[in-house]
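Q: So you can see what is in the structure, the chains are spelled out below.
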Amino acid sequence: MITSKNEFLYFTLRNTKLKVGLVVIVFFLLLTFIGPLLTDYAPMAYVGPGAHPPSAEHWFGTTTFGQDVYTQFVYGLKATFQVGLIGGGLGTLLGLLIGFTAGFRGGIIDEFLNVVTNIVLVLPTLAVLLIIAAYLQVRGVMTESIFIGLTSWPWAARAIRAQTFSLRTRDFVDLARLNGMRPLKIIFTEIAPNMMSYLFMTFILQFGGAILNAATLDFIGLGPTTGISLGLMMNNAVLWSALHLGMWWWFVPPGVAIMMIVGALYIMNVGLDEVFNPKLREI
Amino acid sequence: MRSYFGRKLVIYALTFFLAVTIDWMIPRFMPGNPVQVMLARYGLRADAAQAMLSYYTQAFGLDLPVWQQYLNFWKALFHGDLGISMYLFPTPVIDVIKNAVPYDILLLLPAILLSWFAGNRFGAFAARSKILDNSVLPVGYLLTATPYMWLALLLGWALGIVLGIFPIAGAYDFSLRPAFTWRFISSVLSHWFLPFASLFLVQFGGWAIGMRNMIIYELEADYSHYLEALGAPHRLIRRYAFNNAILPQVTGLALQLGVIVAGALATEIVFSYPGIGYLILQAIQNQDYFLLQGCFLFIIIGVLIANFLIDVAYVLVDPRTRMGMQGETA
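Line by line, the protein sequences give chains A and B.
First residue of the first sequence? That's 174 in the working numbering, and the numbers climb one at a time after it.
First residue of the second sequence? That's -16 in the working numbering, and the numbers climb one at a time after it.
If you are wondering where the hints come from, they were derived from the structure by calculation, not from laboratory data.
Keep in mind it's a predicted model, so treat the numbers as computed, not measured.
Do not take every clue at face value.
To be verified - Take a look, some chain B residues computed to stay more than 10 Å from chain A by CB distance:
#1 Asn55
#2 Leu89
#3 Ser158
#4 Tyr209
#5 Ala245
#6 Ile252
#7 Val295
As the list claims (entries may be wrong) - According to the in silico footprint, chain A covers these stretches of chain B (three or more CB under 8 Å from chain A):
#8 128 to 141
#9 211 to 222
#10 276 to 289
Glycine included, each C-beta is placed from N, C-alpha and C at the ideal position.
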């Protein structure tokens, strides 16, 4: 007998998109944790001759100043996952709270939250982050993630609001309400479980979006002032003319990693959509 | 329709108000005094620095009550006065920005519109076609997941440095002066191509994938199955699906604007292309807060205007908004 859980598992294991995405993510996660163990250097230390192409000694070559690119890369990966997790998590959480409240309450609260959502939606996120970051003299990865999370929730809120709206008029929710269930309990026991897949997918998209946002911010020179990140590597590469000097090993690895991680997340997202939504499965 | 635009305009007015307030607030409530930061860079003697500090504090009106400063900020704004750039002293910020904006328009407008049209066409074409779906679409996912500046770096490196086909810095050859000659125009075009191509490609991937997913949703909708059951030709069903799927893509364009602008900023930095993005980098590196404030305002205004144009376009393509019914974005 096939229960619904088994069915999801069955389609999960059969879905190539999901499998490919997962393998890529797990690979980079492993690299994040194991990578730093394989290097003797500190990410910002000057450890060798400058501007050297990849060699046995320095796997990804060195920067103009003789910093080890591989070391910066694996430490930068950590910052990338951190931003994704915290920024994406915060964005999802805020979107969830605001979307649920607006969709479930309706009326004037909905109107108000809608206006707020629309305003933040129209404001170009990066321009706001830019002006905030420019005035903050000391910034860490954590600060950056929080700011990204605080500005990236609107589309999630909007999507979740629409979902909640369509769910709250269903019979089983009415029934719960007639039974005198508290609104919070209705949200958590009746509505949320029906949106779990949707929420998970929102989180994945927010995760990827936060990574890309952080990369752009770091690249413009408004990233963390302490430590290293993939965007910061590209920023340094451009500032010190790696492009003109043909030092491809400096700027290629960070971009490849971001592209692979975010691309894998997007592909996983479509895979999940196919698992949860039978209509989309390829026959 | 009137209420649709009315709502939108209220939102835009509020957004503009909020943006200007943020713009005004941040240098005043952040730790550190921008005037002091600026003076510190000149390395003046203590007494000279003190005199300069009081002069600038007065000149920028930082000694007035806060509410007065706020009103003055708005007043100056409506007179087109955004202060004077520190880094390009004594050029007014508004002039610095005016010189940069044409390049942004030259770059962004074609990149946004062409990638949107091409991406949607291609996505609709690729949906549910086994071969394209498995070969081209994974590339689309990677493209849309690529940071703009990295693609710009790759293209610049491959086509500019290794193959030497395109120049990779500036908006035109440094030996030329702006003139309406064929030589100058071709120089502008060859400098324009790489930033344009990197913006185009990343967006193209996003639109193609969005459209592909939308079309699949539409092809599984009841009306499609009904048409199929009636024996309607596939082309007709696809056309209906396309017409329905294009609406969220119009809304999507409005949602994406901020991201695209951010991407353009980063791309301009890679190619030293003298638009707003390049200015922002200069402003940050030289701690030129007035220039930064001005750039921020210009981005906001640009995005708001673009949003409004998209709203107009939405009313044109979605009859429901015209009939007084609420459309998707209302």
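Q: Against this structure, judge whether each hint is valid.
A: Consistency of the hints with the structure:
With a least beta-carbon separation of about 19 Å from chain A, Asn55 of chain B lies farther than 10 Å from that chain, consistent with its non-interface assignment. Chain A leaves Leu89 of chain B outside its interface by the beta-carbon criterion, the shortest separation being 20 Å against a cut-off of 10 Å. For Ser158 of chain B, the shortest C-beta to C-beta distance to chain A comes to about 18 Å, beyond the 10 Å cut-off, and the non-interface label holds. Non-interface status of Tyr209 of chain B relative to chain A is upheld: no Cβ of that chain comes within 10 Å, the nearest being about 15 Å off.
Its beta-carbon lying about 4 Å from the closest one in chain A, Ala245 of chain B breaks the requirement of being farther than 10 Å from that chain. A Cβ of chain A approaches the Cβ of Ile252 of chain B within 10 Å, the least distance being about 7 Å, so the stated non-interface status is violated. Residue placement check: Val295 of chain B keeps its beta carbon more than 10 Å from all beta carbons of chain A (closest about 15 Å). Judged by the Cβ-Cβ criterion of 8 Å, the segment 128 to 141 of chain B is covered by chain A as claimed, because 11 of its residues qualify and three suffice.
With 0 residues having a beta carbon nearer than 8 Å to a beta carbon of chain A, the segment 211 to 222 of chain B misses the requirement of three or more and the stated coverage is violated. Judged by the Cβ-Cβ criterion of 8 Å, the segment 276 to 289 of chain B is covered by chain A as claimed, because 6 of its residues qualify and three suffice.
Checked against the numbered hints given earlier, the structure breaks hints 5, 6 and 9 and satisfies all the rest.
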